[in-house]
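Engineer: Here's the letter readout for the chains.
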Amino acid sequence: MKALAAALVVLLATGDDALAHRLDEYLQATRVSFARDRLAIDVDLTPGVSIASGVIAMLDTNADGAVASAEAGGYGRSVLSDLRVSLDGNRIGMTLEGIDIPTLDEMRNGTGTIRLHAAGRVEVGAGRHLVEVINNHRPETSVYMVNALVPEDSGIDIVSQSRDPRQREFRAEYDVTSEWVGYVMLLGMGTAGVVFAAKRRNEKRKTNSEKRIIKTTNE
Amino acid sequence: MPLSTRVLLAVFLASGAIGAPAAFQRPTPSAGTTTGAVAAANAFLATLDAAQRSKATLEFNEKTRVVWSNLPSGMPMQVGATERNGLKLADMTPPQEKAALALIATILSREGYQKAMEIVDADQLLETRSAPTRKPGAPIRFGRGEYYVSILGKPSATEPWMMQFGGHHLAINVTMAGNAHVLAPTHTGAQPASYTVAGKLIRPLGDENDRAFELINALNAEQQKQAILGYEVRNLVLGPGTDGKTIPPEGVRAATFTPAQRTVLLALIREWVGILDDQASAAKMKEIESGLAETYFAWAGATTNGRGAYFRVQGPSVFIEYAPQGAGENNIDHIHTIYREPANDYAARAARR
Chain A
11 MKALAAALVV LLATGDDALA HRLDEYLQAT RVSFARDRLA IDVDLTPGVS IASGVIAMLD
71 TNADGAVASA EAGGYGRSVL SDLRVSLDGN RIGMTLEGID IPTLDEMRNG TGTIRLHAAG
131 RVEVGAGRHL VEVINNHRPE TSVYMVNALV PEDSGIDIVS QSRDPRQREF RAEYDVTSEW
191 VGYVMLLGMG TAGVVFAAKR RNEKRKTNSE KRIIKTTNE
Chain B
-11 MPLSTRVLLA VFLASGAIGA PAAFQRPTPS AGTTTGAVAA ANAFLATLDA AQRSKATLEF
49 NEKTRVVWSN LPSGMPMQVG ATERNGLKLA DMTPPQEKAA LALIATILSR EGYQKAMEIV
109 DADQLLETRS APTRKPGAPI RFGRGEYYVS ILGKPSATEP WMMQFGGHHL AINVTMAGNA
169 HVLAPTHTGA QPASYTVAGK LIRPLGDEND RAFELINALN AEQQKQAILG YEVRNLVLGP
229 GTDGKTIPPE GVRAATFTPA QRTVLLALIR EWVGILDDQA SAAKMKEIES GLAETYFAWA
289 GATTNGRGAY FRVQGPSVFI EYAPQGAGEN NIDHIHTIYR EPANDYAARA ARR
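Chains as they are written, first to last, in the working numbering: chain A, 11 to 229; chain B, -11 to 341.
There may be inaccurate statements among the hints.
[Claimed, not checked] Cβ-Cβ distance ranges computed for the label pairs, FRET-style:
1) 189(A) <-> 293(B): 32 to 40 Å
2) 137(A) <-> 337(B): 30 to 38 Å
3) 150(A) <-> 232(B): 47 to 55 Å
4) 202(A) <-> 292(B): 52 to 60 Å
5) 101(A) <-> 145(B): 52 to 60 Å
6) 145(B) <-> 203(A): 29 to 37 Å
7) 202(A) <-> 189(B): 27 to 35 Å
8) 47(A) <-> 119(B): 27 to 35 Å
9) 337(B) <-> 101(A): 16 to 24 Å
[Unchecked claim] Straight-line alpha carbon distances no greater than 20 Å define the calculated DMTMM-like cross-link-like pairs of lysine to aspartate or glutamate that follow:
10) 86(B) <-> 99(B)
11) 233(B) <-> 70(A)
12) 233(B) <-> 52(A)
13) 123(B) <-> 115(A)
14) 213(B) <-> 116(A)
15) 51(B) <-> 147(B)
16) 233(B) <-> 167(A)
17) 233(B) <-> 163(A)
18) 51(B) <-> 231(B)
19) 188(B) <-> 202(B)
20) 233(B) <-> 54(A)
21) 123(B) <-> 116(A)
Calculated directly from the structure, the hints in this document are not laboratory data. Every residue gets a Cβ at the ideal spot worked out from N, C-alpha and C, and that includes glycine.
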C-alpha cells in the first residue's frame, strides 16, 4: 500500500500536472509593509490544481469564462474581508489598491497566482506598536505564509514577529522613533561628514605644502 | 489512460532509469576573469546571425535585468513578461550552443556549471515524462531546448553588463562590473531532485540539502530551539518577483556557533556562492565570513535527512532560502532555492560607486 501511495505521488508529479506543486492546497503568502502613515499588505494566492475550480467559481461569478475587473475587485474585497488586520488592538480598514488575476488556464494548471495589494491608513507616534494579521480566507484548504518586510523608514524597527504553526495568525511588534530624532541624526551625520571632509582637505593641503618645501630644498 | 496503467507507468518512471538525457560535457573554460568573460561573450555573439544577435542582446537596465523566473516556458513570469530574455538553446546551431555553453562555463565555476547542467538534465527528464500526457495545445514546455542565454549591456572589462542563463528551475544572473562579479539574484531548483544517468545517482541540489541537515544536527539543544521556527514554511519568502524586498532575520545567530559549526555553515553557503567563478566566489566568501557573527540560520521541518525541510541563511551580505515544494515521497522531489545579496543584487554596490 505504501508503494502504491508513493507511485501515485510520482504519477501526480509526472503526469498532466508535471509542475507538481501541492495540488489540494490554496497557498496564501502575505507580506506586511510598515510606514508611519500606512500599513500595506500584499497577498499572493496560488490555488492548487484540485481546488482551482472552486477559486475560479468565486472569481468568475457569471461563469462566462473570463474574469471582469468588477469580478476581480469583488473577489479581492472578499479576501480582504476575511483578513483581520489590527494596530494596537484596533481594527484597520484595508482598501483594495489592486489585484492581478492570472488566466483561468494558468489557475487550472495550478500555476496561476492572484496578486492582491491593499493598504490601510494609520497614524503611529513614537513608541512600541503591535500589528496583528489573522487570515480567515478559506482556512479549510489553505496553507499560509506571512512575513514583515524591513521598513524603508529607518525610524521604524521591527523588534519581534510571532506566528501560529500554520502562519494563519501573525503578530509583529515594532518601534517607531520620533521623526525629529531622524532629522537630528541626519544633521549629525551631515556635520560629521563636513568636518571629516574639511579635515581631509587640510591634511592634503599640509602634505602638498610639505612636498613643495622638500622640492624647493632639493632644488 | 486507465488508472492501473498509469500507476504501472508511474512505478516504471519512478525508477528514474529511462528518459534521462546524456549529461552535458563542460567545454574547456577560460579563467573566470572579466576579460575572459568578455572574450567568451563576444565569441558567442560572433557565432550568431543578425536576428539571433538582436534577440540574445538587450540593454542592461532596471526593466530588463528583472526578467527571470523559476517557471517553465509558456507561462507569464512573476514580473509579467511572457518570455525570458535571450536566445534559447533550441534555436541555436551546435556551434552556437557550444559557444553559449563556453560562455556560461567561463563565468561559473566547474561545480557551478555542473550544477546548472544537472538542473537542465532534470528538466529534460521532466519533459520526457510529462510530454506524453500533456494536453494538446498546452503552452507549458520543459526540457533542455527551453533554456535561454542572454547578454544585457555591452560586454566590457570596465562597465557593468550581465549574463543570464535560465529556464525552468534555473535563473543564473551574473552581473559583472569591472572586477566585481555578482551572482545575485540567482534561483536554482530541481524536479526531479534525484535521478540516475548511466546508473549514477544525480542530485543537483543534494549537497545543499545534506550540508543543511548536517548543520541543524550539529547544533546543541539551545541553538536548535532558536533555529527551528515554530511554524511551517511552504515556499520561498523572497523568491522570483520579490527583488528589493528584505525580511527581518529569524533563527539562531552564528555568533553562538562553535568553530566546527561555523565551518559547516560556511560550507553550506558556499554551495550557492561557489556557483560563480572561483576568484569571485572566494572574495564573496571572505565578505560573508567577515559578517558571519551577524548571520542567522532558520529551519522549519523535520531534522532527519531524507525528509523535506525549509531553511534560510541570512546575513549582512547573503540571503539564501531552500524550500521543498511538496512532490514525491517525503516532499523532497521538487526543490526551489534563492540566493540574494542584500543591497547588492545586480551588483548594485558597484553601480553606486
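Engineer: With reference to the structure, classify each hint as holding or not holding.
Structural biologist: Status of the hints after comparison with the structure:
At roughly 50 Å, the beta-carbon separation of residue 189(A) and residue 293(B) lies outside the given 32 to 40 Å, and the hint is violated. Taken as a hint, the range 30 to 38 Å holds for the pair residue 137(A) and residue 337(B), whose Cβ atoms sit roughly 34 Å apart. Take residue 150(A) and residue 232(B): their Cβ atoms lie about 35 Å apart, and the range 47 to 55 Å is violated. A hinted range of 52 to 60 Å for the beta carbons of residue 202(A) and residue 292(B) is consistent with their spacing of about 53 Å.
A C-beta distance of roughly 58 Å is found between residue 101(A) and residue 145(B), which places it inside the suggested range of 52 to 60 Å. In this structure, residue 145(B) and residue 203(A) meet the distance hint of 29 to 37 Å, their C-beta atoms being roughly 33 Å apart. At roughly 59 Å, the beta carbons of residue 202(A) and residue 189(B) sit outside the given window of 27 to 35 Å. The hinted range of 27 to 35 Å is not satisfied by residue 47(A) and residue 119(B), whose Cβ atoms lie roughly 53 Å apart.
About 42 Å separates the C-beta atoms of residue 337(B) and residue 101(A), a value inconsistent with the hinted range of 16 to 24 Å. The straight-line distance between the Cα atoms of residue 86(B) and residue 99(B) is roughly 18 Å, inside the 20 Å bound, and the hint therefore holds. At roughly 32 Å between alpha-carbon atoms, residue 233(B) and residue 70(A) are farther apart than 20 Å, so this suggested pair is violated. The suggested pairing of residue 233(B) with residue 52(A) holds, with an alpha-carbon distance near 12 Å, which does not exceed 20 Å.
Distance hint between residue 123(B) and residue 115(A) is fulfilled; the C-alpha atoms sit about 12 Å from each other, no more than 20 Å. About 40 Å separates the Cα atoms of residue 213(B) and residue 116(A), which puts this hinted pair outside 20 Å; it is violated. Between residue 51(B) and residue 147(B) the alpha-carbon distance is near 18 Å, which keeps this suggested pair within the 20 Å criterion. Between residue 233(B) and residue 167(A) the CA atoms are separated by roughly 15 Å; this keeps the pair inside 20 Å, and the hint holds.
Restraint check for residue 233(B) and residue 163(A): satisfied, since their Cα atoms lie roughly 13 Å apart, inside the 20 Å limit. Distance check on the hinted pair: residue 51(B) and residue 231(B) sit about 12 Å apart at the alpha-carbon level, within 20 Å; holds. Our distance criterion of 20 Å between C-alpha atoms is broken by residue 188(B) and residue 202(B), whose separation comes to about 23 Å. Restraint check: the Cα-Cα separation between residue 233(B) and residue 54(A) comes to about 15 Å, which is no more than 20 Å; the hinted pair holds.
A C-alpha spacing of about 13 Å is found between residue 123(B) and residue 116(A), which places the hinted pair at or below 20 Å, so the restraint holds.
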